[in-house]
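Let the hints inform the model, and build the full structure from the sequences given.
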Amino acid sequence: MRTIATMFALAAALLAGCSNVQPLTEVSASLTMRPLPSGAAVVSDVTGAPVESCDATASLRPSVPGGPVVEEIRRRGRLIVGTDQNTNLFSFRDPVSGELQGFDVDVAHEIARDLLGDTGKVDFRLLRPEERIPALQDETVDLVVQAMTISCPRAEQIAFSAVYFEASQRLLVPRDSPIRGQSDLAGKRVCSVIGTTSLATVARVAPTATLVAVPNWDDCLVVLQQRQADAVSTDDSILAGMAVQDPNVTIVGPSLEAEPYGIGVNKSRDDLVRAVNASLERIRRDGTWMSLYRKWLAVLGPVPGPPEPKYRD
Amino acid sequence: MRSGELSRRPTHTLDESLLTDPEGSDRPLVEFLASTPGRMAVLAIVLVAAVLAAGVTASTTIADRRDRLETLRSHTEPLADAAQRIYGALSSANTAATTGFLSGGIEPQDVGDRYDAAIGQASSGLVTASSGVAPNDVRSLRLLNDLSNRLAVYTGMIATARANNRAGRPIGVAYLSAASALMQQAILPSAEQLYRSQADAVGSSERSAGPSRAVIAASVFALGLLVLAQAFLTRHSHRRLNPGLVLASVLMAVLAAWLSAAGVLSVRATTDARNQGGEPLGTAVTARILAEQARADEILGLLKRGSDTQSDKSFDVRIAQLSQLLDRHPVGGAVGAVDGWLRSHDEIRRRLATGDYPGAAAVARDDDPQHSTAQFIRLDTALRDEITRRRDTERDGIVRAYTALNLLAPGATALGVVAGLAVTAGIWPRLIEYH
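Order-wise, the sequence lines are chains A and B. Numbering-wise (our numbering), the first sequence opens with residue 903 and increments by one. Numbering-wise (our numbering), the second sequence opens with residue -17 and increments by one.
Hints listed in this document are in silico derivations from the structure and should not be mistaken for laboratory results. All C-beta atoms in this analysis are idealised placements derived from N, C-alpha and C, irrespective of residue type, glycine included. Please note that a few of the clues may not be correct.
Listed below are several chain B residues computed to face chain A (Cβ distance under 7 Å; list not exhaustive) [said to hold, decoys possible]:
1) Gly87
2) Gly114
3) Pro117
4) Leu123
5) Asn127
6) Asn131
7) Gly150
8) Arg151
9) Pro152
10) Ile153
11) Ala156
12) Ala160
13) Ala163
14) Leu164
15) Arg287
16) Gly337
Derived list of chain B stretches under chain A, where covered just means 3 residues or more per stretch with a C-beta under 8 Å from a C-beta of chain A [claimed, not checked]:
17) 33 to 45
18) 295 to 308
Given below as C-alpha cells:
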C-alpha cells in the first residue's frame, strides 16, 4: 500500500519536472588557519635599541652579612623573592609536580642558605616584568631573581648584585632552517616579546625583518612550531628553555648583544647587596654555580666557569 | 449589451416605481432584478457570498497563522535552541579544558569527561543546526561552516597543549592559552551571532501570531449585512424575524467573538512566550557564557601568574557584566553564588600576594563548598536551570497560542458554510411565496 503511494508520489514528482526538489546548497570552504597567540601582533614601529653607553655591571664589594636589612630578614625568618613561573629553565613551575624550580630558583635558595641557614626559607612572589622594579622600591620583595638584565636605565632605579649569569642574545630556528645568523634575517619573520630590549635589538640588527611580538616567551615557541615565524630572538638562556621543549629547534649564530643578569635589590639596601654578593662569591668558589649550570643549562654547551664579578668600591 | 444592463442596474433597483411597472418585458433579467423576488435573490446571493467569504478568509488566515506557530514550535525554536546549545557547549568545553591544567600533568577523570561531553554536544548541535537552517540562509551556513572548521582547529590545539603538559613541558600552558583565545575571540562570537539571529527569528515569529483585525472586520461586516437584510425582509414580508437570517447572524457573531477571543488568547500566549520566555532566556544564555569565560580566565590567570595581565583584567570585566545582568534579571541562587565566587577569588589573590601559590591553586581547584569550583558549579547550575525553565515557558506559550487557534481554522469554515445554508434556507421560502 505504502509502496504504491510512494510510486504515485514519485510519478507525480516526475510529471511536475522535479520542480519541488530543493537543490543542495554548497558552502565554500573557509580558510583553516591557526591564530597567533592572544595579544600577539606584527609590529613595525620598533626603534632599534642603542648600544649600552655605560657599564652598570660593577656592584658593591661583598661583606659578611650583618647590616640592618639582613638583621630584619633574619628576625622575619623568611627571604621574600620576586620571580615569575613561566621562564623555562630559570624560574618555572613543573607541570607535573607543581613545584617552582629552575636556575634562578636554586640561586635564591642558595642565598637563603647563607642568610638564614636553610634553603627552604624562601617565599616566592610571582611578578610580571613591569612589576619588578616597583616591588623592590616599595619593599614588597627583598630580591628580584628573574633573569633580569643589568641595564643603565634600571641601575638608576634599583641596585644590582654582581653579574651572576652572562647571557647573550641569539637566534632560535628550526633545525632545517637556512638562517644561521643576523645577516639571514632580511625579510624573515622574527618573534620576540612585546616591549623587551630583545625586540629592539632585532629591529637594530635586522631592520628589514618582520617583527612578531607576543606576550610570553613560550608563545614564541608556539609561533615557531606553527610556522608563523622563521626565528625567535632573545637571550640564549631563554632560548635554551625553548630548545629543551622541542628537539627540532636549535640555537644558532653569534651573539647579537650581551645580556648580563643581576639580582635586583632596593637601591637603599647596601648591606643586602653586599650580603647577596658574598653569597654569589661562595657559589662561584665552591662549585655550586657550575653544578647548577650543568643541572639546568647544559643545553647551552660547556662554559669555562662563572662570570667574573666587577666591584666599584 | 449585457454590461450596459449591469451598469444601469443600480439606478433601476433604487427606483421604487419600477417595482409595479408591468412593462419592459423585453428585458426579463432587468425586470426580474427589479422585482421584489429578484431583489431578494440578489440579497440572498450577496449574503451567502459575504458569510462564506468571512468564514473562508478567517479559516485560511488562521490556518496560515497556525502553520506559522507550528513552524515556530517544531523548527524555528528548536533551531534557536540548537544554536544556544552550541554556544553553551563550546564555552563549557573551554572551561573544562582549562580546569584540567590546574591539577598538574594529568587532568581529573570528571574534568576530562566534561570536556569530551561538551565537544560531543557542540558537534551534535552543529549537525542539528546545519540540517535546520534554510538552504538560502547563506549567513547562518557560513557561520556554521566557520564554527565546525574552527572547532577542529581548537580541539587540535587542546590536544597539543595536553600532550606537552603531560610531558612536563611548560609550552603546554602557552598552547592552552592560545586555544582559549581562539575560543573566546573567534569561535564564541560566531556562535553568539548564530544564536542571536535564530533567537531573533523566534522573536519575530512570536510577534506576528494573532489573527489580523481585517478578518474580524470581515465577519462583523457580514453580521452587519445580515442585520440590514433582516430589516429589508421585515419590511417586505409580514413576519418579524427570519429564523434563517437570525441563525446566520448568530453564527457570524460567534465567529467574530471566537476570532477576537482566540486572537487575544493567542497574542497573550505569544507575548508571554516572548516576555517570560525568549527575552529572559537570551539574558540567561549571555550570563552563563560570561560565567564560563570568567572561570576560564580565573584559571588561566593563575597558570600564567607572573607573566600575564590580560586574564585577571578580563575576569573582572566579565564578572562586572555578569553582576549587571543579574541585577536587571535576578536568577534564584545566582547572585549568592557570584558573591561566594568573588570571595573565593579574593582569597586566591590574597594567597598569591603572600606567595602561597599552591594554596591559591588549591582554592581554585578543591571541593570546599566555599571555594571557586563549588561556587562556579552552583552559578552554572542556577543559570542552566534558568535557561531550561525559560525555554519551557517559551515553548509553553507557543503551544498555548497554537492551541488557541487550532479549532478555529476548520471552525470558521464550518460557521461560514452553515451560515450560508441558513441564509438560503431563510430566504428560499420567502422567494417561493412570490410564485
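How the hints compare with the structure:
Of the supplied interface hints, the one on B/Gly87 holds, with its beta-carbon coming within about 4 Å of a beta-carbon of chain A, less than 7 Å. This hint is violated: B/Gly114 has a C-beta 13 Å from the nearest C-beta of chain A, more than the 7 Å allowed. Look at B/Pro117: its Cβ gets to within about 4 Å of chain A, closer than 7 Å, so that hint holds up. For the restraint placing B/Leu123 at the interface with chain A, the shortest Cβ-Cβ distance is roughly 5 Å, inside the 7 Å limit, so the hint holds.
Taken as an interface hint, B/Asn127 checks out: its beta carbon lies about 5 Å from the nearest beta carbon of chain A, inside 7 Å. Hint on B/Asn131 holds. Least Cβ distance to chain A is approximately 5 Å, under the 7 Å limit. Taking 7 Å as the C-beta contact cut-off toward chain A, the hint placing B/Gly150 at the interface holds, the least distance being around 5 Å. This hint holds: B/Arg151 has a C-beta 4 Å from the nearest C-beta of chain A, less than the 7 Å allowed.
A least Cβ separation of about 5 Å between B/Pro152 and chain A falls short of the 7 Å threshold, and the interface hint therefore holds. Evaluation of the B/Ile153 hint against chain A yields a held restraint, the C-beta minimum of about 5 Å falling below 7 Å. With a cut of 7 Å, the hint placing B/Ala156 at the interface with chain A holds, because the nearest CB-to-CB distance is about 4 Å. Annotation: interface hint on B/Ala160 holds; nearest CB of chain A at approximately 4 Å, less than 7 Å.
With a least beta-carbon distance of about 3 Å to chain A, the hint placing B/Ala163 at the interface is held under the 7 Å criterion. Because the beta carbon of B/Leu164 sits about 5 Å from the nearest beta carbon in chain A, less than 7 Å, this interface hint is met. Interface hint status for B/Arg287: upheld, as the beta-carbon distance to the closest one in chain A is roughly 4 Å, under 7 Å. Proximity of B/Gly337 to chain A holds as hinted, the smallest CB-CB distance being about 4 Å (cut-off 7 Å).
For a cut-off of 8 Å, the count of residues in the segment 33 to 45 of chain B with a CB near a CB of chain A stands at 0, and the three-residue condition is violated. With 0 residues carrying a beta carbon less than 8 Å from a beta carbon of chain A, the segment 295 to 308 of chain B misses the three-residue requirement, and the given coverage is violated.
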